[in-house]
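A.B. asks: Below are the chains, spelled out letter by letter.
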Amino acid sequence: MAQTLAHAAPEVHAETAHHHHQELSFFRKYIWSEDHKTIGLQYLFTSMFFLLVGGLLAMGIRYQLAFPGTPVPILGKLLPKWLVTDAGAIQPGGYNALFTMHATVMVFLVVMPFLIGVFGNFLIPLKIGAADMAFPFFNALSFWLFFVSGFIILSSFFSPTGFPASGWTSYAPLSAHGAYNGTQYGQSAWCVGLFVNGLASIAGAMNYITTIINMRAPGMKMFRLPLAVWGLLVTAFLLLLAVPVLSAAAAMLFCDLNFGTTFFSSTNFGQPLLWQHLFWFFGHPEVYIMVLPAMGLVSEILPVFCRKPIFGYKAMVFAMVAIGVLGFIVWGHHMFVSGMNLMLSATFSFSTMVIAVPSAIKTFNWLGTVWRGSVRFTTPMCFALAFVSMFVIGGLSGIFMASTPVDIFIHHTYFVVAHIHYVLFGGSIFAIFAALYFWYPKMFGRMMNEFWGKVHFCLAFIFFNLTFFPMHNLGLNGMMRRIADPTQYDHLRSQQPVNVFITLSAFGLGLSTIPFLVNFFYSMFRGPKAPRNPWEATTLEWTLPSPPGHGNFETTPTVYHGPYEYSVPGMDQDFLPQNQPAPETARISSH
Amino acid sequence: MKYSPVHRGFLSFALVLLGVSSAGAAPRTTHLWWMPDVASRSGQTIDGLFYFIFYLTAVVFVLTQVVYVYFLIKYRARKGVSATYSHGNNRLEVIWTVIPTAIFLGLWGYSNHVWWDVIHSEPPADALEIAITGYQFAFGIQYPGADGRLGRTDVKLIANDNLFGNDKSDPAAKDNFTSAVLELPVDRPVRIRLNAKDVIHAFYVPEFRIYQDAVPGRTIDWVWFVPTKIGSYQLACNQLCGSGHYNMKAQIQVVSQEEFDKWNKEKSTAALVSHDPDRAYALNP
Amino acid sequence: MSSPAIALPFGNVSFPRPNIVRFGMLTFLASEAMLFAGLICGYIVLRSGAGTGWQMPEALKNPGTITQTLVATALLLGSSFTLHFGEVRLLRGERHGRALLLLTVVLGSLFLANQANEWTHLHQEGFWFNSAGIMGSCFFVLTGFHGLHVAIGVILLTVSLIQAVFGLVTPEHHAFMDCSSLYWHFVDIVWVFLFTILYIL
Ligand code: HEA
Ligand code: HEA
Ligand code: CUA
Ligand SMILES: [Cu+2]
Chain A
1 MAQTLAHAAP EVHAETAHHH HQELSFFRKY IWSEDHKTIG LQYLFTSMFF
51 LLVGGLLAMG IRYQLAFPGT PVPILGKLLP KWLVTDAGAI QPGGYNALFT
101 MHATVMVFLV VMPFLIGVFG NFLIPLKIGA ADMAFPFFNA LSFWLFFVSG
151 FIILSSFFSP TGFPASGWTS YAPLSAHGAY NGTQYGQSAW CVGLFVNGLA
201 SIAGAMNYIT TIINMRAPGM KMFRLPLAVW GLLVTAFLLL LAVPVLSAAA
251 AMLFCDLNFG TTFFSSTNFG QPLLWQHLFW FFGHPEVYIM VLPAMGLVSE
301 ILPVFCRKPI FGYKAMVFAM VAIGVLGFIV WGHHMFVSGM NLMLSATFSF
351 STMVIAVPSA IKTFNWLGTV WRGSVRFTTP MCFALAFVSM FVIGGLSGIF
401 MASTPVDIFI HHTYFVVAHI HYVLFGGSIF AIFAALYFWY PKMFGRMMNE
451 FWGKVHFCLA FIFFNLTFFP MHNLGLNGMM RRIADPTQYD HLRSQQPVNV
501 FITLSAFGLG LSTIPFLVNF FYSMFRGPKA PRNPWEATTL EWTLPSPPGH
551 GNFETTPTVY HGPYEYSVPG MDQDFLPQNQ PAPETARISS H
Chain B
1 MKYSPVHRGF LSFALVLLGV SSAGAAPRTT HLWWMPDVAS RSGQTIDGLF
51 YFIFYLTAVV FVLTQVVYVY FLIKYRARKG VSATYSHGNN RLEVIWTVIP
101 TAIFLGLWGY SNHVWWDVIH SEPPADALEI AITGYQFAFG IQYPGADGRL
151 GRTDVKLIAN DNLFGNDKSD PAAKDNFTSA VLELPVDRPV RIRLNAKDVI
201 HAFYVPEFRI YQDAVPGRTI DWVWFVPTKI GSYQLACNQL CGSGHYNMKA
251 QIQVVSQEEF DKWNKEKSTA ALVSHDPDRA YALNP
Chain C
1 MSSPAIALPF GNVSFPRPNI VRFGMLTFLA SEAMLFAGLI CGYIVLRSGA
51 GTGWQMPEAL KNPGTITQTL VATALLLGSS FTLHFGEVRL LRGERHGRAL
101 LLLTVVLGSL FLANQANEWT HLHQEGFWFN SAGIMGSCFF VLTGFHGLHV
151 AIGVILLTVS LIQAVFGLVT PEHHAFMDCS SLYWHFVDIV WVFLFTILYI
201 L
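Protein chains in written order, with the working numbering: chain A, 1 to 591; chain B, 1 to 285; chain C, 1 to 201.
To be clear, the hints were calculated from the coordinates, so they are not data collected in a lab.
No residue lacks a Cβ here, since even glycine has one placed at the ideal position from N, Cα and C.
Any given hint might turn out to be false.
Just so you have them, the derived chain C footprint on chain A, three or more residues with Cβ under 8 angstroms [what the hints assert, rightly or not]:
id	stretch
1	348-362
2	493-506
3	514-527
Here are the computed lysine-lysine pairs in the DSS-like style, where the Cα-Cα straight-line distance is at most 25 angstroms [said to hold, decoys possible]:
id	chain 1	residue 1	chain 2	residue 2
4	A	Lys221	A	Lys314
5	A	Lys454	B	Lys265
6	B	Lys79	B	Lys168
7	A	Lys454	B	Lys79
8	B	Lys174	B	Lys265
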C-alpha cells in the first residue's frame, strides 16, 4: 500500500507498466488489475449479472401482483420456504422480500456501479487525457469491495428466514427488531452489505475527484471537460458526502438489531423518524447520484449524432452543480406525511420546487441541441433521445408529489412507483444502454449490430411505457405500494385487469433485454472490427486505438478547445477533435 | 376460476385495451383509469390543486414533446444539409430559467395555502374525536361515547390491554367503546387521535384523499376531515408494517347523523352497563 | 520525474503535483467527517428528544472515570504534537524523528488501552449498549466508532514508523506518513467533540 501511494504518480505507474507489460501475471491482469479500463469492464460484467438478478426479482413481483396466490410455474417448487407456500405460490412475507431486494439490487448493485463504476472508471482518464486514475490501488479495492458487498446483501437468500423484507428504505422500528420483520439475519446482512458498498463508493469518489481535479491533460480547463466528466465529478461529491451518512445509519440499525441499542425504536427514548431523516439525507442525493452521470452521458451522445455543439454548455454545468448542491436540502419531501413537523414539510416542499428548475434548464438545452442539428438515428442516439422524453415524464410526475397536499393523496401509491421507474429505468437505464452501445467499440474494439440494437430499442421503449405508464392511473385509483395482493381491497379488485396488463408488458420488457444480451456477447467475438473513431466524435478517447492500450496515451495529449466542436464553419471535416489545433480557415467560436 | 392465470391474463389484456371495466365491480365508485370520486371536503380542495398541476404538466409535456419530435423530423440528417454551428443563446437560457422558477414558486404558494389554510387549519370545536391505533396487523378504533370526550390519553400507557393509552382514571373515558367498523356521521367534522403500538402504520383512505403515518411513541392529532358522501369505504394501512401489511384494513361506514347517534347511544350505554375494560380499551368486540 | 508536459505553456499540467496524495486523503477525510456528523446529529436529535429521559449513569459521573478519561484525552492530544514534530524532524533529517513517531504510537495505544479498560469497567457497573436510556446507545456506538478509528490510526502510524526505521521516509517519498498523520490529527479533533458531548455536557 505504501508502495502504491508512493507511486501514485500515474506517469510513473504507466511507464513501469509499459516496461513490465508482458510480465503482468494472469492475476494482476484480470483479477487484481489496477488498470482503470479493466476495472471498468469488471464492473460492467458484475452489474450486468446483478441486472438479471434484480430483473428476475421484478418478474416475481409482477407475477404475484397479477396472479396473487397462484403457484409460480416451474420455479415455484424449487424456491425456498420463506418465499413461497408449499404449493409454490409467493407468500405475503416473501413478496415483501422480493421488492425489498429488487430495489436494493437495482439501486446499489446495478445503476450505481453501471453509471459510476463502469463509465466513471472507463471514461474519466480517457476523456481528461490521463494515463490512469490517481490511485489505481484504491480503484481495484473499490471494485472488490463492491463485488463482496453484493454477495453479502444476497447471502440472506440461503438463511432460513430469507431476504430482508422491510423495503429498500428499511423504515424502523420494523427493520430494527427481528421480532417485527421476521428476518434478523437478512436485515443485518443488508446493513453490513450497504456499509461495505458504501466504502467502495467512497473510495471511488475520492479517486474520481482527485483524478479529475489534478490530472487533466495540458489545456483541459475545467470548462473544457466533457459533460460526462462534469456529471461524474458532481456525483462523486454527492457520494463523498451523502454515503457516509447512510453508513452511519446502517451501523446504528445494525446495533439496534443485534446489540440492543434503541436508536430507532419507539421504546427507551429512541426515535423512529430519526432513521427516516438519516436515510433520506442520503436517499435523496442518492437519486441524483443515479441520474447526474446519466445526464452527462446523454449530453455526450446528443451532440455527436446532431453534429452540433451542445446547447448552453456552461448552463448545463451550472445546472448539474445546482442539482448537486440543492440535492442535500430536499430530503424531507419523502416525509411529508410521516408525522414530521408540518412546518418542515412546507419548507422541504419549497426546496423541492426549486430543485426542479435546473432539471428544466437541462431539458430545454437538450431540445436546443437538437434544434437545427443534423440528427442521425443510431441505436445509442435513439436511447439518448428516449432518455430525455422519459426523464421529462418522470420529472413532471415528481412535481405532483412535490406539492404537499397532492402528495398526501398519492404518497405511497403506484403513482410513486411510476415516478421511480420513469426516472430510474426510462432515465438511468436508458442512458446506460445508450452509453453501452456508444462506447462498446472503445471497450471491446468491435461494433455492435445496429439492426438488433434498434430491435432492442423499439421493444424496450414500447414495453417500458406499457409497463409503467398505467401505474400512474393505478396510483390515482388508490393502489398502495408494497401490497402482496391487491384483490384484498374492494376498490382494487376492479383494477386487477390493469395489473395483469402491466405484468404481461413487464414480461415483454424483460424479454426485450434478450436481443441486447445476445447482440452484446456475440459482437464481442464476431462483431466487425471498430476503427479508432467510428462515430467521428471529438473527445480524447476517440483519438486512441480501440481498445486503448495500457497507459492510454503514448504522449500526454494537449487540449486546444471545448469538447463539442462539430460542424465548425470553414472546415471540410465536420468535427474538430479536442487535441487538434483549429485550422486558420475554421471560424471557431467558444461558448 | 376455471381459467388458467395466463388465460385470464389475455382476457383482461383485451378488456383493458378496450378500456372496459372488468365485471364484478366493487361497491365503491371506482373508475378504471381515474381516481375515485372524492368523498371529503378537504379532498375537494386537494383535487382542485391536483387538476391545476395536471393541466400545467400536461401542457408542459405536450409542448416539450411536440417541439422535440418536430425538431427530430425537421432536422433529421439529409444530404447536403449540415448542422448549424451554435454554442447556445444566453437570452434563451435566462428565459427558460426565469419562467419555470416563477411557475414553481407560484405552485408552491398555492400548495402552501392549501396545506395550511385547508388541510391543517384548526379542527372545529364540534368535531367528533375518534382514537385509532394501528398494530400488527389491524386497526383499533375507539369512540368517545355519549359524553363525546375520549379523555386523557398518553402514548406511554399504550399496551396490549390499553391499545389507545387511555388514562383509565379519567371519568371521560368511562363510556368509551371500541368498534370494528369506523362509523362516521356524514357532513360532520371528524378528528383522529392517531397512534401505533409496535411499528409504523398508516391511515389511508383514497376517497377522502387522506394519508397519515401512525408513528409508535407519538400521538398525531392534526388529522381531521369532513366526510361528504354516505356509503362504505375502506381504511387501508399504507405503510409497510410486516408480513400482514397487505391486508391490514378496516371497514368505514359513512351514515346519516341520526343513524350515527342511534348507534353511538346503544354502544356507549352498553359500554357503561357492562363495563368490560377489554371492550372499552383493547380489543374489537 | 520529468514529463514533456512541463515545457508547455498551460495552466494545469498533467503530471500529478506532489500534493496529489494529500489531496486524495483530504477528500477522504471530508467523507469521514460526514460519517461522524451523521452520528453526532443523531445524538443531538435523540438527546433533545429524550428530555429528562437523558440520564448520565453513575458509572460515568464518578470522578475516577472522568479524570482517567481526561488523562487519556491529554495523551491523545499530546500525540498530535509528538507526531507533528516527529514528522518535521524526519523530513529535515534531524535527530529523534523516529523516537517521536514511536512515542506517538505508544500514546495512541495507551488511549486505546484506557478505552478498553473503561468499557469493561462500565460494563461491570451495568452501563452498556442497552442501558441508561438512549445514553447507552449513543455512548458506546460513538466511542466505539472513534476507538475503531484510533486503532486504524495506530496501525497506519506503525507502518510509517517501520518505513522510517528502514529509511523509506525521505523528503521525496513520505506520502504514506503524510496521510497517516492527516488521519491521526482528524481522529484527534473528532475526539475533542465526542469527549465534550459525551462526558462533559
Ligand atoms: C433518478 C432518480 C430520481 C430523480 C431524478 C427524481 C426527481 C424528482 N423527484 Fe423523485 N423519487 C425517486 C427518484 C428520483 N426522483 C425515487 C426512487 C423515489 C421513491 C423513493 C421511495 O419511496 O422508494 C422518489 C420519490 C419522490 C418523492 C416522494 C414521493 C412520496 O413518497 O410521496 C417526491 C416528492 O416530492 C419526488 C420529487 C421529485 C422531483 C420534484 C424531482 C425533480 O428533480 C424532477 C425535475 C424534472 C422535471 C420537472 C421535468 C423537466 C422539466 C421541464 C420540462 C420544465 C418545465 C416543467 C414545469 C414548469 C412543471 N420524488
Ligand atoms: C434502477 C432501479 C430500478 C429498475 C431498473 C427497476 C426495474 C423494474 N421494476 Fe422496480 N423498483 C425500484 C427500482 C427499479 N426497478 C425501486 C427503488 C422500487 C421501490 C421498492 C420499495 O418499495 O422498497 C421498485 C419497486 C417496484 C415495484 C413495486 C413493488 C411494490 O411496491 O409492491 C414494481 C411492481 O411492478 C417494480 C417493477 C419493476 C419492473 C417490472 C422492472 C423491469 O424494468 C425490470 C426489467 C429487467 C429485467 C426483467 C432483467 C433483464 C432480463 C432478464 C432477467 C431475462 C428475461 C426474464 C424474464 C422475462 C422472466 N419495481
Ligand atoms: Cu400496518 Cu401496513
Ligand atoms: Cu427525493
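A.B. asks: Need the list of violated hint numbers for this structure, in ascending order.
C.D. replies: 1, 2, 3, 5, 6
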